[in-house]
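Asker: One-letter residues, chain by chain:
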Amino acid sequence: MNQFAPILPELIITIGAIVLMMVAAFGGRRSGGFTSWASVAVLIAATIALAGPPTHAGGIFGGLITADLFGSFGKVIVFLASAVAIIAAHGWFERDTEHSAEYSVLILFSALGGAVMVSASSLVTLYVGLELQSLSAYVLASYRRTDERSAEAGLKYFVLGALASGILLYGISLLYGFTGTMNFNGIAAAFAREGMSSLGLLFGLVFVLAGIAFKISAVPFHMWTPDVYEGAPTPVTAFFASAPKVAAVLLGTRICLDALEPATDAWRQIVIFAALASIFLGAVAAFGQTNIKRLLAYSSINNVGFALVGLAAGTPQGASSVLFYMAVYVVMTLGAFLCVLWMRDKDGHPVEDIAALSGLSQSRPGYAAAIAIFMFSLAGIPPLFGFWPKLLVFQAAVNSGLVALAVAAIVGTVVGAYYYLRIVKVMYFDERGEQQLGRVRQPVQGVLIFLSAVAVSPLGYLLIGPLQSITDRAAGSIF
Amino acid sequence: MTELPLLTLLIAIPLVAGLICLFVSANAARWIALIATLIDLALGAYLWAAFDPSGPQWQFVENVPLGGGISWALGIDGIALVLIMLSVFLMPICIGASWTAITKRVPEYMAAFLLMEALMLGVFAAQDLFLFYVFFEGGLIPMYLIIGIWGGAERIKASYKFFLYTLLGSVLMLIAMIYMALEAGTTSIPALMAHDFPVDVQKWLWLAFFASFAVKMPMWPVHTWLPDAHVQAPTAGSVILAGVLLKMGGYGFIRFSLPMFPEGSAMFVPFVFVLSGIAVVYTSLVALVQRDMKKLIAYSSVAHMAFVTFGLFAFNRQGIEGAMIVMLSHGLVSGALFLVVGVIYDRLHTREIEAYGGLANNMPGYALLFMLFTMASVGLPGTSGFVGEFLSLVGTYKVSSWAAIVATTGIILGAAYMLWLYWRICFGVARRPDAAEMPDLSMREWWLLGPIAAGVLWMGVYPESFLRPFRNDVGRLLERVERAAPAGDMALTKGKPQPQAEHHAPEAGH
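Chain order of the listed sequences is D and Y. Residues 1 to 479 (our numbering) make up the first sequence, in order. Residues 1 to 510 (our numbering) make up the second sequence, in order.
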């Protein structure tokens, strides 16, 4: 029984998801509201259950899973982001989709996969978690099956995702073949023993990292991101940009710093390349975008690049900065996507054209101010809170002697600032266009937007102390 | 300390007032903004009175750690004090200048200005490296909005240029700051001012800071954002841009570059002098051919700021004190000149010099004040401009006579473009009938320009009031940079040796 105490949150979600699936199957459309709120309750219960053994039990099930603070930190973000993604769908699917009830169930399974990913300490659990998460995500992407774009997004995501999984699996098989173990500690020991002399190990490492790079949509494995983000229903996009991304980044962090720690020199160059390429491509490619979801897709590529700068440091400080970065990133991104969700025309149809925002500051000042706060924060302009995690990753990089990387990355923030400014410009400088946004009555979402805007406002600086001490301890738990 | 956290209050008042402004009507927003800035002015005056020039270096110190390597650390020395005074003095004037000129989206405008004030004051009061950066960069957001929403026809390009240019300059400084915090193990600015960085590192750090401050200042050749921003910004925006924002560059040099990297600074003295020399001559010539009044004054700002860099990098008391006075004086004078332009722009809605002429006939009061500010800009003795420029030239001359000669041509050229501007606008006869019918200054405009005129004369006649607060701080700065001060090129030759001196010479060897 003791072995099950540390996975209590996962158990809660599994059982909850299965029960709710039955409810959805037999309750039909009417159960949509109930399953949605029940799923949120399940996720919150799972978050609360993280306190205690799930946070400090250490390796369980023969080292398949590690219950530590690092994993718990990731799970808090994944669970809460999933809950927000469920709430984000309120008022979205009821109108024109049949099976709205299953949406929240799929999110639950995806969150479960994410939870397994962040605490995996064996290649097998890693793969199982990743696939559970991804398969749910494929379905979610094409959730609006009558919509061509949504179906295309799902198909594209599935085909490319399957390819990435194949690459990852091939890498895992190489690592297993050359080390004889699936366990992270065992792999680390093998790397320490053999060094980088073994070509097989090196290939395994590269393939595993490539598979993960796909999941976190780092350049050069980012191609699916803009299309999928654009095509998927907006609440699903909000989910993709938050929970699975955090889970994958944390998974990558754990692999690099735990299993591949002795091979830091080998993976560091890959991570540095991916970081800089993501930052610059994410910034430059967003210039010409007119669709706000595509723009935010590039923004998420850009942001992952910055998180990778912290990972490249390869130190506890670096890991801590990655955790800090992802925590703040999720708040900013979810806030921004909730605002995008509110972009509806007078009849309530979703609008994704940036031009629809013109003159928003005059018609809806509060709404425009919230978007402006998220944009400036995503751009990392002080005094908004989005600046601080960027500072932390740069600090970690400089501390590890990667000054050139930090300089290049920080120049990337200036390039990226341009397109975030463009949104502010459209809202504040341009005159009102003929296309006007209608009002959306979703008080819960309104509260969430307000809370996230406050969190990334300068008031967020008050959180630095507590958050930093948690991320420091969480990062310490994988070293 | 149980006393009132005055500096926090100074920053918080405009912030809170700005928030309130967003929720009230246009007229209420105007009054709230005016009252808030006047309260800040009163607080600033109290700080000036309570500041003890012979007391400890840092006064009104506050420190609340926020954890994670940043703390809400505030405190001012004399240098920061006078710049804070300048800011709080100009702010009510800016609000007054926008009273009737701004008619659309007034509450947001006032909120942006008050936010701007809070961030500017924060820059001068911050004692934590990263807190300084947050304030320093944060100022970009309200200024971006002010130029972009309430600016002229080309406002969007100008706002982008302003934002991205200054951001690019600043981010390199951030990397240098991260390195410094790491190397010195502290983010406290006073502690860093006493920290000796390795000499070979200093030059890189110096360059990173220079990138930021040179853009902000602005120095040639990275000044090109300034004319655009000035021309497009509303009058009050130009005043605050020229009056205070440009001073952040100079303040940065005094607060960071010189005391933290004395050797690095010394190494780059020729570089700074060359850039400043080009700025003085080149931008003055460019100013001569401008047809837009605001652009002319913008270019003159670049030339005047070159006196600041000349003075600062002279490494001597006259130079640094002169640079400080030039900054204060330029803050008042260029602010006033932009207001003067704004006065006639409000009446005729053009900034073309061609459109005006003969204003002395129908606007005598206006011509009088314009004359005073023109003279102050030229550097006529008795005005603030003279004191600052003279001191900084003396300081420069001690180090390099060539630099001083080049700098002096700037004064001559300055006289040329300013007097010519004045002549074209105020003398002769009106070129357009509507220009001849413009009414003289209104009561409100007298209230805006009068205090600045008084300040300009006060600083010109009795600069001691302004020098005293920071005299000791300049002394401390000099002690710090003395070891790196570049040798002058004056090549002093000894007088004829006296017999007595010869007698003692052998003893000196022992």
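Heads up, some of the hints might be wrong.
[Unchecked claim] List of simulated lysine to aspartate or glutamate pairs, EDC-like, C-alpha gap at most 20 angstroms:
id	chain 1	residue 1	chain 2	residue 2
1	Y	K157	D	E434
2	Y	K104	D	D430
3	Y	K104	D	E148
4	Y	K161	D	E148
5	Y	K157	D	D345
6	Y	K295	Y	E352
Simulated from the structure, these hints should not be mistaken for laboratory data. Only a predicted model underlies this, so the values are computations on that prediction, with no experimental measurement involved.
Asker: Against which earlier hints does the structure fall short, listed by number upward?
Answerer: Hints 1, 3, 4 and 5 contradicted; others consistent.
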